[in-house]
Amino acid sequence: MTVILTPGAEHDVDARDGLWMSAADAEKVTGWTLKPEGMCRAELCVPLPAAAVKGKDVDVAAFWTKLGGPVVADEDGEVWALGAPADERNAALEGLQAPDFTLPDVDGTPRTLSQLRGKKVFLATWASW
Amino acid sequence: MWQELYDELKDKGFMVVAVAEESRGAEHARPWIAAARSSYWQLIDTDHRLSDLYNLVNVPQAVWIDEQGRIVRPPETAGSTDHFRRMDLKTRTMSPADQAERLAARQAYLDAVRAWVNTGRHALPADAARAGLPKVTREIAEAHARFRLGVWLRAHGNPVEGDRQMNTASALHPDSWSMWRQAADLDEVGKASGTDFWKRVQALGDRPYYPPPKL
Numbered sequence: 001m002t003v004i005l006t007p008g009a010e011h012d013v014d015a016r017d018g019l020w021m022s023a024a025d026a027e028k029v030t031g032w033t034l035k036p037e038g039m040c041r042a043e044l045c046v047p048l049p050a051a052a053v054k055g056k057d058v059d060v061a062a063f064w065t066k067l068g069g070p071v072v073a074d075e076d077g078e079v080w081a082l083g084a085p086a087d088e089r090n091a092a093l094e095g096l097q098a099p100d101f102t103l104p105d106v107d108g109t110p111r112t113l114s115q116l117r118g119k120k121v122f123l124a125t126w127a128s129w
Numbered sequence: 001m002w003q004e005l006y007d008e009l010k011d012k013g014f015m016v017v018a019v020a021e022e023s024r025g026a027e028h029a030r031p032w033i034a035a036a037r038s039s040y041w042q043l044i045d046t047d048h049r050l051s052d053l054y055n056l057v058n059v060p061q062a063v064w065i066d067e068q069g070r071i072v073r074p075p076e077t078a079g080s081t082d083h084f085r086r087m088d089l090k091t092r093t094m095s096p097a098d099q100a101e102r103l104a105a106r107q108a109y110l111d112a113v114r115a116w117v118n119t120g121r122h123a124l125p126a127d128a129a130r131a132g133l134p135k136v137t138r139e140i141a142e143a144h145a146r147f148r149l150g151v152w153l154r155a156h157g158n159p160v161e162g163d164r165q166m167n168t169a170s171a172l173h174p175d176s177w178s179m180w181r182q183a184a185d186l187d188e189v190g191k192a193s194g195t196d197f198w199k200r201v202q203a204l205g206d207r208p209y210y211p212p213p214k215l
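Protein chains in written order, with our numbering: chain V, 1 to 129; chain Z, 1 to 215.
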C-alpha cells in the first residue's frame with residue numbers, strides 16, 4: 001500500500017508505478033471524479049493528457065501536476081504528499097473568506113473555525129520551540 | 001498569553017483561537033497550555049496546516065477575522081518585536097530600555113485588538129487587507145508538501161529521510177522560520193534557539209525577524 005498525504009487527510013491506497021490507481025481511489029484521494037471529459041469536481045473538468053489515463057486507472061501524479069499542485073515523495077516512493085496548488089491558496093486568501101479548518105484541542109476534541117461565525121476571531125499561532 | 005484580553009472582551013462577541021504549530025504533538029504542548037490557564041480555544045497543529053492555509057512564516061502571527069468570517073487583517077506579528085536580537089546571549093536578557101519598548105509595543109498591539117472589538121477600528125477595507133497578503137509561490141506550495149511529508153516520516157520512524165524533506169522545505173521557503181525552527185526542534189529540543197538559529201537571525205542583517213504590524 002502507498003501512503004498519500006493531502007493537506008487535510010492521509011490515505012492508504014493500492015497504487016502502482018508512482019501514483020497510478022483506480023478512478024475510485026483517485027476520487028477518494030483528490031475529490032475529483034474521472035469522466036470522459038477528464039477529472040471533474042462539481043461543474044469543473046480538467047482534461048487529462050492521454051498518457052495519464054488507462055482504462056479505469058488514472059495517473060494521479062500527472063493529474064495533480066496538471067492542476068499546478070506539488071507532488072513529492074520519499075526516497076522509496078512509498079509515502080507521497082500532494083500539496084495545495086499555489087494559485088488555489090492565493091485565490092482563497094484573496095477572496096478574504098478565512099480558510100476553514102478543523103483541528104483538535106489539547107484533549108483531542110475537534111474544533112472548527114466556522115463554528116465561531118458571528119464572533120470576531122483573533123486567530124494566533126504560538127509554539128514551544 | 002491572551003487570557004486577559006479574552007476575559008475583558010469575551011462578552012462582546014470576541015473569541016481567541018490559539019494554534020500551537022507543534023509537530024511533537026499535544027503532550028509536548030500541554031505544560032504551556034496548562035500554565036496559560038486559558039478558557040479560549042487552544043488547538044494543536046502537528047502538520048502546521050494553519051501555516052499552509054494562511055501562508056504564515058513565524059510565531060506568533062495573528063489573523064483578524066470578522067463576524068462574517070472575513071479576514072480584516074492579514075497575517076501579522078502578534079505582539080512580539082525584534083528587541084530580542086540585541087539581547088545578551090550569555091545572560092539571555094534584554095536591556096531595561098529594550099524590555100520597556102518591547103512591552104510598550106505589545107501593549108499597543110493589544111490595545112489595537114481592544115479597539116477593533118469595541119469600535120471596529122483597525123479592520124482594513126477589502127483592498128488593503130488583500131494588499132497585505134503575502135503571495136504563495138510554487139516554491140512555497142512545494143515547501144508545505146515537503147514539510148508535511150517530513151513530519152509524517154519523522155513520526156513514523158524515519159528521521160533521516162524526514163529531516164531531508166524538511167531541509168528541502170526550508171531551502172524552498174527560506175522566509176519560513178516556523179519550518180526551519182520546527183525541523184531543528186524535532187531534531188533536538190532546544191536546537192530551534194541554538195547557535196544555528198542565532199546565525200540565521202544575524203544573517204537577516206537589516207531585515208526584520210518580526211515585521212511590525214502596520215497599525
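The set of hints was computed from the structure by calculation and includes no laboratory data.
All values reported here derive from a predicted model rather than from experimental measurement.
You may find that some hints are simply not true.
With a straight-line Cα cutoff of 30 Å, these simulated DSS-like cross-link-like pairs (lysine-lysine) come out [as the list claims (entries may be wrong)]:
| id | chain 1 | residue 1 | chain 2 | residue 2 |
| --- | --- | --- | --- | --- |
| 1 | V | Lys35 | V | Lys66 |
| 2 | V | Lys119 | V | Lys66 |
| 3 | V | Lys119 | Z | Lys135 |
| 4 | V | Lys66 | Z | Lys135 |
Handout entry: Numbered hints the structure breaks, given as an ascending list
Key = 2
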